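K.L.:
Model the full structure from these sequences, guided by the hints.
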Amino acid sequence: MLTRREALLGTAAGAAAAALLAATAATPALAEVQAADISTLPREKVTLVAPPFVHDHQQVATGGPKVVEFQLTVKEQPMVIDDDGTTMQAMTYNGSIPAPMMVVHEGDYVELTLVNPETNEMPHNVDFHAATGALGGAKLLDVNPGEHATIRFKATRAGTFVYHCAPAGMIPWHVVSGMSGTVMVLPRDGLKDEAGKPLKYDRIYYIGENEFYIPRDENGKFKKFDSLGDSYDETLKAMRGLIPTHVVFNGKVGALTGDNAMKANVGETVLFVHSQANRDTRPHIIGGHGDHVWEQGKFANPPAKDLETWFVRGGSAGAALYTFLQPGIYAYVNHNLIEAAELGATAHIMVEGKWNDDLMTQVKAPAPIAAY
Amino acid sequence: MKARVPATIAVIAAALAAAASGLSIAQHSGRARTAARLAPIETVTILPGAFTFRLPGEYLRNGKPVDAPTRTVSFQAGFDVMKYQVTAGDYARCVVDGACEAADGNAAGDMPVTGVSYRDAEAYAAWFSGRSGESWRLPTDEEWSFAAAERLHDDALGLADDGNPATRWLARYRSEAAGQAERDPQPKPRGHFGANSRGVFDIAGNVWEWTSTCYVNATLAPNAAVERSVENCGVRVVDGRHRGYMSTFIRDGRSGGCAAGLAPDNLGIRLVRDEPALVALLGWL
Numbered sequence: 015m016l017t018r019r020e021a022l023l024g025t026a027a028g029a030a031a032a033a034l035l036a037a038t039a040a041t042p043a044l045a046e047v048q049a050a051d052i053s054t055l056p057r058e059k060v061t062l063v064a065p066p067f068v069h070d071h072q073q074v075a076t077g078g079p080k081v082v083e084f085q086l087t088v089k090e091q092p093m094v095i096d097d098d099g100t101t102m103q104a105m106t107y108n109g110s111i112p113a114p115m116m117v118v119h120e121g122d123y124v125e126l127t128l129v130n131p132e133t134n135e136m137p138h139n140v141d142f143h144a145a146t147g148a149l150g151g152a153k154l155l156d157v158n159p160g161e162h163a164t165i166r167f168k169a170t171r172a173g174t175f176v177y178h179c180a181p182a183g184m185i186p187w188h189v190v191s192g193m194s195g196t197v198m199v200l201p202r203d204g205l206k207d208e209a210g211k212p213l214k215y216d217r218i219y220y221i222g223e224n225e226f227y228i229p230r231d232e233n234g235k236f237k238k239f240d241s242l243g244d245s246y247d248e249t250l251k252a253m254r255g256l257i258p259t260h261v262v263f264n265g266k267v268g269a270l271t272g273d274n275a276m277k278a279n280v281g282e283t284v285l286f287v288h289s290q291a292n293r294d295t296r297p298h299i300i301g302g303h304g305d306h307v308w309e310q311g312k313f314a315n316p317p318a319k320d321l322e323t324w325f326v327r328g329g330s331a332g333a334a335l336y337t338f339l340q341p342g343i344y345a346y347v348n349h350n351l352i353e354a355a356e357l358g359a360t361a362h363i364m365v366e367g368k369w370n371d372d373l374m375t376q377v378k379a380p381a382p383i384a385a386y
Numbered sequence: 546m547k548a549r550v551p552a553t554i555a556v557i558a559a560a561l562a563a564a565a566s567g568l569s570i571a572q573h574s575g576r577a578r579t580a581a582r583l584a585p586i587e588t589v590t591i592l593p594g595a596f597t598f599r600l601p602g603e604y605l606r607n608g609k610p611v612d613a614p615t616r617t618v619s620f621q622a623g624f625d626v627m628k629y630q631v632t633a634g635d636y637a638r639c640v641v642d643g644a645c646e647a648a649d650g651n652a653a654g655d656m657p658v659t660g661v662s663y664r665d666a667e668a669y670a671a672w673f674s675g676r677s678g679e680s681w682r683l684p685t686d687e688e689w690s691f692a693a694a695e696r697l698h699d700d701a702l703g704l705a706d707d708g709n710p711a712t713r714w715l716a717r718y719r720s721e722a723a724g725q726a727e728r729d730p731q732p733k734p735r736g737h738f739g740a741n742s743r744g745v746f747d748i749a750g751n752v753w754e755w756t757s758t759c760y761v762n763a764t765l766a767p768n769a770a771v772e773r774s775v776e777n778c779g780v781r782v783v784d785g786r787h788r789g790y791m792s793t794f795i796r797d798g799r800s801g802g803c804a805a806g807l808a809p810d811n812l813g814i815r816l817v818r819d820e821p822a823l824v825a826l827l828g829w830l
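In order, the protein sequence lines correspond to chains C and E.
Residue 15 is where the first sequence starts when you use our numbering, and the numbers rise one by one after that.
Residue 546 is where the second sequence starts when you use our numbering, and the numbers rise one by one after that.
Because the hints were derived from the structure by calculation, they are not lab data.
Quick caveat, the model's predicted, so the values are computed rather than measured.
For each residue, glycine too, the CB sits at the ideal point set by N, CA and C.
To be clear about the criterion: a stretch of chain E counts as covered by chain C if any three or more of its residues have a C-beta under 8 Å from a C-beta of chain C, and this derived list gives those stretches:
hint : segment
1    : 709-722
2    : 726-739
3    : 759-773
Straight-line alpha carbon distances no greater than 20 Å define the calculated PhoX-like cross-link-like pairs of lysine-lysine that follow:
hint : chain 1 : residue 1 : chain 2 : residue 2
4    : C       : 378       : E       : 609
5    : C       : 235       : E       : 733
6    : C       : 319       : C       : 214
7    : C       : 168       : C       : 312
8    : C       : 251       : C       : 235
9    : C       : 368       : E       : 609
10   : C       : 238       : E       : 733
11   : C       : 211       : C       : 319
P.N.:
Dropping the structure here:
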């Protein structure tokens, strides 16, 4: 079955192919060399995992560049975003907010297949901040429900980079409805400190921060909509006010607490990658620090050291490396504490291990002042 | 806000129920009864008995946090407690009468009222006493714990001091988090969590209940007697799946909780009724 939509897209693809042929004619040698190189590169197919976890990967690349294949499937679905049962008509890649993190090395090729099942309502694409040209690849990935498309881009810059949906005319709505994730491009020889010495991590957590704008009814209660289309008008009005109703990690208030708190041990080094596709944020570990922090997330720059709080610009992802020195329950927050405590941006880390009395000790336990 | 009462816990435990009763009577007996009387509320009579009660609050021995000591608490007269938590519909009538502030919770009708502070709970008890012509008040932590019977969660950790303060923090967190992800924190219609062995419904479900018991920091002597304590009545005990401590003006435990702890899902109300005979006796005293 060939629909009119497909026929139209076919025409557009034909035009693009013609343009490419013209370019090839102008610089034949370069184009041929690139094509030959890629066909000989090794390929790896990665199965993505839901955040805060990250798929298995090497920190230091052992071979040369390769083509790393990923697939994202768009899922439009209602999602509960807090403990009061507030439901958002969400748009997601692979069903999670944030979308899964992808890890490659500098010089690798990311080959991404985007699937938009026919059951969805909306057109979607992906704008990779790690990619060069074509609006981050979005222009080559516009898929309607019932379509899929594949692009390949070269990971030329090392760092943590946001990716997000960017369909014409409704970019912010798709982003604040859940469609963002992160690509981490590691240097081939791994992370390094300011002096060029290697840095390694024992664990990695990907914390995707999202802010939501849920419309309220005349009594101030959050509204629930039957479909994405129904939610559009009022959600857009709420968005224009720029005051979010929720600021969350991993898609829901409290998603990374309790049974789902992050875990680590004293002496372990953890890499926290923190993304916010739309709005500034300021990660902070209560009771801890950032030993080496790439605030802007770009590994060609030396990491800042010993930070208390770091600033992640809206539309970027940052990376912070920390070695835990004390056991206990740590709160990982957005240090706008109103957003942390009232709007949801709090996660917990359970850290096991031996207490270091030298670093801290209770000299006098709480007692009545009269007892002095 | 901070009452500072250097008294032993034993004295507090013994005196609290009587003190609370006396106070509530003093507040309510003169209240004018407006409009029609309320329909009789369903209650459960908690029969006389005794149980081992773990004291609320934080306890130190040799400067280290330890489990609170236990005491035998006996109820020689028994008492009446509401069979169900106060519902949103019940509470709304107090709001209409202008005696309560509208709750923050989403619930209506037969759902338990949530999003209420200790102050709201006290205001409701005062209003309900006036409207019913009876003496209703918040339970003490002892009364709530006795009524909860097999649903009472012992918050002792049973850990020996290993010189690592984080051991207790992690154990407490783990104990309160256990199974949390599988549970639905949204309030359910009354009766959803069933009755315990004493016939009290929904106790220790997902709505925590305010008590009149104050928070206390105490130091234990080597023989486990309370050596000294500082009471803070700006913070009261909330009882539910686990025991918590909340400032009296907090309506949503999740925002009132500390950064690294697990808070009650919801805050609600269940009242106890003082016997007319006891009321008369205390009034006479």
